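Q: Single-letter residue listing:
Number of protein chains: 2
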Amino acid sequence: MSIRLGEFEQLVLLALIHLADDAYGVTVRREIARRTGRTTSFGTVYATLARLEEKGLITSRLGDATPQRGGRRKKFFRILPAGRLAVSASLKVLRTMTRGLAPSWESP
Amino acid sequence: MSIRLGEFEQLVLLALIHLADDAYGVTVRREIARRTGRTTSFGTVYATLARLEEKGLITSRLGDATPQRGGRRKKFFRILPAGRLAVSASLKVLRTMTRGLAPSWESP
DNA sequence: GTCTATATATTCTATCAAGACGAACAAATC
DNA sequence: GATTTGTTCGTCTTGATAGAATATATAGAC
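From first to last, the protein sequence lines are chains C and A. So for the first sequence, this note's numbering puts the first residue at 10; every next one is plus one. So for the second sequence, this note's numbering puts the first residue at 10; every next one is plus one.
A few of these clues could be false.
All copies of an identical chain are treated as equivalent in the list; a pair is satisfied when it fits inside any one copy or across any two copies.
[Said to hold, decoys possible] Here are the simulated lysine to aspartate or glutamate pairs, EDC-like style, with alpha carbons at most 16 Å apart: (1) K101 to D31; (2) K84 to E16; (3) K64 to E115; (4) K64 to D31; (5) K101 to E16; (6) K64 to D30; (7) K101 to E115; (8) K101 to D73; (9) K83 to E16; (10) K83 to D30; (11) K83 to D31; (12) K101 to D30; (13) K84 to D30; (14) K101 to E63.
Calculated from the structure, these hints are not laboratory results. Here the structure is a predicted model, which means the values were calculated and not measured.
Throw the hints in and build the complete structure from the sequences for me.
A: This is the structure we're talking about:
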């Protein structure tokens, strides 16, 4: 059996894919909000990121200080192959469950 | 915000749609296993069904005894409009999160 | 007919994993 | 040291999970 992903974990992984090199707590939260209208607290986002890293689905590196305007250094996240596999599998599960239904239902 | 669905709750609701009039604990579990290859315990299935009913997304009625081959009476479940709405919304969220990615990713 | 074996299905109990939030903390620049 | 930006902590609620226990129907023995 492949790795089990929670509902929000899926969203975070997909956000990481979209954000590519610019994925850190703040942008992840923003990307999800922008696309889905769903706003969550930072606590939720970071907890999920930590859990995903724990599971070996993503990695993190600490970014350099930007000479812009104050603030703590960013912790950038990147999705790993195992992470892509996990999302892919969990989307596939949904696809097989929606197969045969009316078009508006199929393929989330 | 629309009702929040857990990952397995989605699968159960979709199974109910497929099974239509023949949805009860055993068939729900079987349908999910058949389609996704994922087998869960009955405890999990019934707990989820109970939770979904609690939330007002599905209803249940007790079936008649079948003159077949022993066994307890079945408890049939049916998805309610609110349930359809909830799955629909949660699938939509995934669609918006996969939009723009390679075809193999899009639309779970 | 009643009794017990068997098949079928659901509920209970306990525990761990995920999701959620707000406050606290940390570290950069000005 | 004040401000800005970003992350971590503590705590609680909800969702997922398995396995044992329980319930209830029929079949067949007698």
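Q: Decide, hint by hint, whether the structure agrees.
A: Hint by hint, here is what the structure shows:
1. K101 to D31: neither (27 Å within a copy, 25 Å between copies)
2. K84 to E16: neither (23 Å within a copy, 28 Å between copies)
3. K64 to E115: Answer is neither: 30 Å inside a copy and 24 Å across each miss the 16 Å cutoff.
4. K64 to D31: neither (21 Å within a copy, 38 Å between copies)
5. K101 to E16: both (14 Å within a copy, 13 Å between copies)
6. K64 to D30: Cα proximity of K64 and D30: none, with 21 Å in one copy and 40 Å across.
7. K101 to E115: This pair counts as both: shortest intra-copy Cα distance 12 Å, inter-copy 10 Å.
8. K101 to D73: neither (37 Å within a copy, 37 Å between copies)
9. K83 to E16: neither (25 Å within a copy, 30 Å between copies)
10. K83 to D30: within (12 Å within a copy, 53 Å between copies)
11. K83 to D31: Close inside one copy (10 Å), not across copies (52 Å); limit 16 Å.
12. K101 to D30: neither (26 Å within a copy, 26 Å between copies)
13. K84 to D30: For K84 and D30, the Cα distance is within 16 Å only inside one copy (11 Å; across copies 51 Å).
14. K101 to E63: Close neither inside one copy (23 Å) nor across copies (28 Å); limit 16 Å.
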